[in-house]
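Participant: Line by line, the protein sequences are chains A and B. With the working numbering as the guide, the letters of the first sequence map in order to residues 1 to 373. With the working numbering as the guide, the letters of the second sequence map in order to residues 1 to 563.
Fair warning: there could be bad hints in the mix.
Said to hold, decoys possible - Under 10 angstroms between C-beta atoms, here's a sample of chain B residues computed to sit facing chain A:
hint : residue
1    : Pro47
2    : Leu76
3    : Ala522
To be verified - Below, computed lysine-lysine pairings styled on DSS-like, alpha-carbon distance capped at 27 angstroms:
hint : chain 1 : residue 1 : chain 2 : residue 2
4    : A       : Lys37     : B       : Lys462
5    : A       : Lys18     : B       : Lys58
6    : B       : Lys104    : B       : Lys2
7    : A       : Lys37     : B       : Lys58
8    : A       : Lys161    : B       : Lys147
9    : A       : Lys18     : B       : Lys310
10   : A       : Lys37     : B       : Lys310
11   : A       : Lys18     : B       : Lys2
12   : B       : Lys2      : B       : Lys462
Worth flagging that the hints you see were computed from the coordinates, not collected in a lab. Ideal placement from N, C-alpha and C gives every residue a C-beta, glycine not left out.
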Amino acid sequence: VSQSNPLDRRDFLLRAAKAGAAIVAAGGAGLWLHDRKGPSANIVSETVSLPDFSLPSTGPKMSIITGADRVKTVNRALAALGGIERFIKSGDRVVLKVNAAFASPAALSATSHPDLVAEVTRLCLRAGAASVIVTDNPINDPPSCFSLTGIARAAEAAGAKIALPTPSSFKPTTLADATLDQGLAVVDRAVSRRDQAHRPRAGQEPQSQRRVLTMKNWYGLLGGRRNVFHQDINTIIFELARLVRPTLVILDGTTTMMTNGPTGGSLDDLKATNTMIASTDAVAADAFGATLLGKTAASLPFIGKAAAAGLGTADFESLNPARDHVDKMRKHRTFNIQHSGLTCQTSMDWALNVECWVLNVVPGDFPTTGGAP
Amino acid sequence: MKIVTVRRIAQIFFFALFAWFCVVTTVGDRWWQLRGWPVNWLLQLDPLVALGTLLTTKTIYAGLLWALATVVLTILLGRFFCGWVCPFGALHQFIGWLGRRRKKHAERVAMNQYRNGQVIKYYILIAMLAAASGGLLAEVLRWPREKPVVGLVVLAASLILTLWFATRKVVSGWKQTAEWFAGLLFIGTALGFLVRPEVMVASSLQTGLLDPIPLIHRSMNLVILAAFDGVATASRFYVAAWSIAAVFFAALLLNLWIPRFYCRFICPLGALFGVLAHWTPWRIGKRQGECSGCELCENNCEGACDPFGKIHPHECLLCMNCLRACRQAQMTYGPNRSAAGEVPSPGLTRRGFLTAAVSGLAAVPVVRLAGSLNQNWNPGVVRPPGALAEEDFLSRCIKCGQCMRVCPTNIIQPATLEAGLEGLWTPLLNFRVGTSGCQLNCIACGNVCPTSAIRPLSLDEKLGRGKFEPSGPVRMGTAFVDRGRCLPWAMDVPCIVCQENCPVSPKAIYVREEFQVVRDGARTITAVAADSLTLDGAALRPGTLGTGDYFVRLETAPPVNAG
Numbered sequence: 001v002s003q004s005n006p007l008d009r010r011d012f013l014l015r016a017a018k019a020g021a022a023i024v025a026a027g028g029a030g031l032w033l034h035d036r037k038g039p040s041a042n043i044v045s046e047t048v049s050l051p052d053f054s055l056p057s058t059g060p061k062m063s064i065i066t067g068a069d070r071v072k073t074v075n076r077a078l079a080a081l082g083g084i085e086r087f088i089k090s091g092d093r094v095v096l097k098v099n100a101a102f103a104s105p106a107a108l109s110a111t112s113h114p115d116l117v118a119e120v121t122r123l124c125l126r127a128g129a130a131s132v133i134v135t136d137n138p139i140n141d142p143p144s145c146f147s148l149t150g151i152a153r154a155a156e157a158a159g160a161k162i163a164l165p166t167p168s169s170f171k172p173t174t175l176a177d178a179t180l181d182q183g184l185a186v187v188d189r190a191v192s193r194r195d196q197a198h199r200p201r202a203g204q205e206p207q208s209q210r211r212v213l214t215m216k217n218w219y220g221l222l223g224g225r226r227n228v229f230h231q232d233i234n235t236i237i238f239e240l241a242r243l244v245r246p247t248l249v250i251l252d253g254t255t256t257m258m259t260n261g262p263t264g265g266s267l268d269d270l271k272a273t274n275t276m277i278a279s280t281d282a283v284a285a286d287a288f289g290a291t292l293l294g295k296t297a298a299s300l301p302f303i304g305k306a307a308a309a310g311l312g313t314a315d316f317e318s319l320n321p322a323r324d325h326v327d328k329m330r331k332h333r334t335f336n337i338q339h340s341g342l343t344c345q346t347s348m349d350w351a352l353n354v355e356c357w358v359l360n361v362v363p364g365d366f367p368t369t370g371g372a373p
Numbered sequence: 001m002k003i004v005t006v007r008r009i010a011q012i013f014f015f016a017l018f019a020w021f022c023v024v025t026t027v028g029d030r031w032w033q034l035r036g037w038p039v040n041w042l043l044q045l046d047p048l049v050a051l052g053t054l055l056t057t058k059t060i061y062a063g064l065l066w067a068l069a070t071v072v073l074t075i076l077l078g079r080f081f082c083g084w085v086c087p088f089g090a091l092h093q094f095i096g097w098l099g100r101r102r103k104k105h106a107e108r109v110a111m112n113q114y115r116n117g118q119v120i121k122y123y124i125l126i127a128m129l130a131a132a133s134g135g136l137l138a139e140v141l142r143w144p145r146e147k148p149v150v151g152l153v154v155l156a157a158s159l160i161l162t163l164w165f166a167t168r169k170v171v172s173g174w175k176q177t178a179e180w181f182a183g184l185l186f187i188g189t190a191l192g193f194l195v196r197p198e199v200m201v202a203s204s205l206q207t208g209l210l211d212p213i214p215l216i217h218r219s220m221n222l223v224i225l226a227a228f229d230g231v232a233t234a235s236r237f238y239v240a241a242w243s244i245a246a247v248f249f250a251a252l253l254l255n256l257w258i259p260r261f262y263c264r265f266i267c268p269l270g271a272l273f274g275v276l277a278h279w280t281p282w283r284i285g286k287r288q289g290e291c292s293g294c295e296l297c298e299n300n301c302e303g304a305c306d307p308f309g310k311i312h313p314h315e316c317l318l319c320m321n322c323l324r325a326c327r328q329a330q331m332t333y334g335p336n337r338s339a340a341g342e343v344p345s346p347g348l349t350r351r352g353f354l355t356a357a358v359s360g361l362a363a364v365p366v367v368r369l370a371g372s373l374n375q376n377w378n379p380g381v382v383r384p385p386g387a388l389a390e391e392d393f394l395s396r397c398i399k400c401g402q403c404m405r406v407c408p409t410n411i412i413q414p415a416t417l418e419a420g421l422e423g424l425w426t427p428l429l430n431f432r433v434g435t436s437g438c439q440l441n442c443i444a445c446g447n448v449c450p451t452s453a454i455r456p457l458s459l460d461e462k463l464g465r466g467k468f469e470p471s472g473p474v475r476m477g478t479a480f481v482d483r484g485r486c487l488p489w490a491m492d493v494p495c496i497v498c499q500e501n502c503p504v505s506p507k508a509i510y511v512r513e514e515f516q517v518v519r520d521g522a523r524t525i526t527a528v529a530a531d532s533l534t535l536d537g538a539a540l541r542p543g544t545l546g547t548g549d550y551f552v553r554l555e556t557a558p559p560v561n562a563g
């Protein structure tokens, strides 16, 4: 290369140097990012698993309290288990997994009653819980479910935070040998993330973080395609029970939905059964709940499956449940429905009928805090 | 031999090679069939395929590393690929030459003038690459939330830098660039804290729509060869072939108006080469600023790069026509810049760049509002065996049509809008067109796929044999019996076609016999002879019942197949 002009030569060398650098950069990047094998069969994003929130120290316990005032019955039911303090320690972050499945008024009893959610929230906070998070992935859209059922207002007034799930709140989870395989079952990421965010600092006792209360169905922890959850429903429910091991479940049988469930729609579908159950054994609680529906535990296959897998006992009497009664039994009390301003006769709460019951499988609630990373 | 002759030989060679590779993309072991021909080689040489999939997957799949050779040569020599290798370019050049054969010198020079519109192809490239980068951007934007401490430090530092630059009122040079960088860093980091970028931006690989190498493969495979296939052997059908042909022939016909129209105005690959050629040590240019001004150099200038005046080096295709045309040997290919001067850049404006990038980036989430990846998923979108999950599939498929060409049963078809706008011309299984389903013992599509949008399966994996036994055979979709349409269920018409066609042994589909008494079908036997029964009642209508459609059962016997 002969060049007369030194400026031209300089320009050429500069360009050649830049070209060389570009070649080195492109070559380096190309070789570095070269992928000889190609993508693998299943590109599975990371899966999460929920820690076991049950407390081994408490053992299986159960209380069955009759009475129409659920604030009183739930207090008594928890007291009979040794008090909420046995489950909630100071500094715990509690998740209440409620049933907010439908955007219908509390009066129809298709969802957890706001009074109960508020009372349990208060009890947790009084026991020293650092925070109480109320969550569910309902069937109707989350914001309207939480507002129309009155749960959001009541829970927030009592000091809880509402966690509304969004599509990005979910991550795949998996369970060995389960029908709910990868990509189907998904767990609320908001919850597991919160777990991480609230992992105890050094010096705090990790044990004290593992508390959970429960109220209802685990379906509300699932995202993704909902239709699969109703196929072979007994197996799915049983596997959900394996997936989620709560600290405590509360089954509100103050009012039972006997027919037209799980949505109900008429006060005529409801029956005052005036019972509140608290238990560390979700299977036993469900077995007792079956009796409120006029059924036996044997007629609900998932209970048998869960019992056979060692998740609890279907023979709730073997737990020697503490029984008590508070308040005078009332068939109805006057209740003011806030939004409509109508006053109607109602005694409300928990809705049970076959389908709903199935949904409420493990009347469980939710783990919150802590637990394994 | 003249350099132009060498170039023509190269073009003819590469075009013939391309056509040959398309022809041999046929299942079989004869010399004119697949056997071991490197049928994807030209696609692998295409750096836009490699760069596009690099942005969407952060990897360069196997043979796509060939693109590195093209990149290196382009950085050193210029856009040789356009002028010497590209089969689509050769076709344009040929048709352009046909179109201007009879034209006068001045007309030809006018046709080959540089036009400002030639910058459009750079914007097309930017928009397509931006659309492919959405996922990467989301990943980068997510850092601040995943590492909040680092994020806050970056946020604070970039804010301080931006303010410092702003107060010093820097106006030009690297300081301005640094200010822009710091400002964007600040905005990006802040966004990372405020929004969930992964739900807002995503990647979609759409370079294949206009990338000339996939385009001409698709057109050759699904239009030209498909037409000839009908002559030679059984007919091939491709449902979206008309739209592919429309784009292909429109691109060819535009050459009659402006030669190499596609290359000059549209081609995103050419734009990429234009950028890569920025620092070429060797380039086309004039020896002296002043010459006789005959403009013969522009008579056949393929790139419309204005070699007579200030040359546009990014547009030069190295066709070398100017070298040969100049009678005073003014034109050279050498180490010096043109003595008549060079236009230093392709002419992109910052505003244009940002518009193209933001448009490309925004187009993906807008198109995905249709929900075809989620709630509005079309169950008819059955991809070939081994195809990745839909989103990963779309981040790799370049719509080249190789799988459709190689498929022995013609069942792989280019989509129109079945898989959404993004899925245009991607492979779908069409069991109506396919001659005999997806052949159980065929794995051709995945093994020919240049980007592994369809994974290269082994037969064992496809059939779930050997070490793949636990995961079972590869599933493409789910079939079920629609009892409202199935002839025996819906019409009481005996039919066992699905069972007969089921290719596995033992059969995955079985039939059971089920008998029902038709209206007035129960008869009493009045007489029994050695080989005949006499029934009471009116005579059975001939032709209504065929052998096997009726049965005789003793009244006292239990019902047949009552289950």
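Participant: All hints, please: hold or fail.
Facilitator: We went through each hint and held it up to the structure:
no. : hint                : verdict
1   : Pro47               : holds (9 angstroms)
2   : Leu76               : holds (6 angstroms)
3   : Ala522              : violated (40 angstroms)
4   : A/Lys37 / B/Lys462  : holds (17 angstroms)
5   : A/Lys18 / B/Lys58   : holds (25 angstroms)
6   : B/Lys104 / B/Lys2   : holds (25 angstroms)
7   : A/Lys37 / B/Lys58   : holds (14 angstroms)
8   : A/Lys161 / B/Lys147 : holds (25 angstroms)
9   : A/Lys18 / B/Lys310  : holds (23 angstroms)
10  : A/Lys37 / B/Lys310  : violated (48 angstroms)
11  : A/Lys18 / B/Lys2    : violated (31 angstroms)
12  : B/Lys2 / B/Lys462   : violated (53 angstroms)
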